[in-house]
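S.K.: Residue numbers (my numbering), protein chains in the order written: chain A, 1 to 164; chain B, 1 to 148.
Don't read these hints as lab results, they were simulated from the structure. Each residue gets a CB set at the ideal place from its N, CA and C atoms; glycine is no exception. Be aware that a few hints might be false.
[Unchecked claim] Here are a few chain A residues that face chain B, going by a calculated C-beta distance under 10 Å: (1) Ile69; (2) Val85; (3) Glu87; (4) Ile130; (5) Cys135; (6) Gly137; (7) Asn139; (8) Phe141; (9) Cys152; (10) Met157.
[What the hints assert, rightly or not] Here chain A is said to cover these stretches of chain B; the calculated rule only asks that three of the stretch's residues, wherever they fall, bring their Cβ under 8 Å from a Cβ of chain A: (11) 18 to 25; (12) 32 to 46; (13) 56 to 66; (14) 87 to 93.
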Amino acid sequence: MPRFLHLTPVTLLALALSGCAGLTLTARNSVDPVMFGPVTTLPAKGAAGAVAVRPAGPPFEYRVRGTGILVWGVGGGGGEIASVVAEPSDPAETGPEWEAASTSRVENPAWFDWKVLRAAGGRSTSRVEIATVRCGGENAFFLFGLAALADCEIRGMVTREVQR
Amino acid sequence: VSVRCVTLLFGALLALSGCAGAHYRVSGDGLGYPVSFSRVVHDADGRPLFLGEALEPVGQFVFRKTSVGFLYGVTGTTVDLSDDINREVARFHGEAVVSLRMRTENCSTSWLFPLTALPFYPGCQNLAVSGTVVTRTRAAERAGGSQR
Chain A
1 MPRFLHLTPV
11 TLLALALSGC
21 AGLTLTARNS
31 VDPVMFGPVT
41 TLPAKGAAGA
51 VAVRPAGPPF
61 EYRVRGTGIL
71 VWGVGGGGGE
81 IASVVAEPSD
91 PAETGPEWEA
101 ASTSRVENPA
111 WFDWKVLRAA
121 GGRSTSRVEI
131 ATVRCGGENA
141 FFLFGLAALA
151 DCEIRGMVTR
161 EVQR
Chain B
1 VSVRCVTLLF
11 GALLALSGCA
21 GAHYRVSGDG
31 LGYPVSFSRV
41 VHDADGRPLF
51 LGEALEPVGQ
61 FVFRKTSVGF
71 LYGVTGTTVD
81 LSDDINREVA
91 RFHGEAVVSL
101 RMRTENCSTS
111 WLFPLTALPF
121 YPGCQNLAVS
131 GTVVTRTRAA
141 ERAGGSQR
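In isolation and in its complexed conformation, chain A is listed as follows (with noise of 0.2 Å):
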């Protein structure tokens, strides 16, 4: 049989774990705003919406991958590992509550929202904005197995408005 034909199930395999590296971002359990783009408060009707804030913290920096590894073995059989992991971006991100927040292998949005309460200290006046949002990802065939990975890069600042 020709060898490619060999490869037919392989890739109807992979098409079947298509989707399996994925990633979520979502800070719906945060209890400070998490804006996106340039407009930053709900301006009262029929007003601008410019207010004045300054940074008030370093900046905002969270980096989640998503790993999807699948090895066959020769006759069949093969192992699978998925996981995702979110890096810390500074060395106080490493202890034990750091630890605590990522503990799901698959998917934990809860990463997200701890980041965001960890840099904003949870002050109504505080919130996060984000500046770039950069995500991507490969799927890759190897001889031994297939991989899928994914990973997401978001950047901001804490800013803070300033007393009038």
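Given chain A, put chain B in place with the hints provided.
M.R.: Then chain B, alone, in the frame of chain A:
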């Protein structure tokens, strides 16, 4: 083991490998409304307005964008969400978006070996964007107006 054998082995492994993907930057530079990943936005005076309290939902949206990459995922594009989100907010006569959610996934076409061994084969990433369009409750509008 000679260098030649190692080189041949490496070449053989490369010949039996393929990879495709894409990278992209998400842009919202043209957004005309406040958009929040969380369930809260600030009003013009810096007061937090929460979904379910001062903000009421008037609609929800979901849409997808696809980013294409070449050279095994090295090249990238910009995905602009501004027009889509502005259109959704206008459609529901809303004032803002909360609970913004982005999910990025690899396209199934990026699995199609041996096509993915070709550097010009297009890999891609799907981005699913969802959110809740909100407007202020009447009580919140009155509270905002009374303080000015």
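S.K.: Please go over all the hints and tell whether each is borne out by the structure.
M.R.: Tested hints:
| no. | hint | result |
| --- | --- | --- |
| 1 | Ile69 | 13 Å, violated |
| 2 | Val85 | 15 Å, violated |
| 3 | Glu87 | 16 Å, violated |
| 4 | Ile130 | 7 Å, holds |
| 5 | Cys135 | 4 Å, holds |
| 6 | Gly137 | 5 Å, holds |
| 7 | Asn139 | 4 Å, holds |
| 8 | Phe141 | 4 Å, holds |
| 9 | Cys152 | 6 Å, holds |
| 10 | Met157 | 15 Å, violated |
| 11 | 18 to 25 | holds (count 8) |
| 12 | 32 to 46 | holds (count 14) |
| 13 | 56 to 66 | violated (count 0) |
| 14 | 87 to 93 | violated (count 0) |
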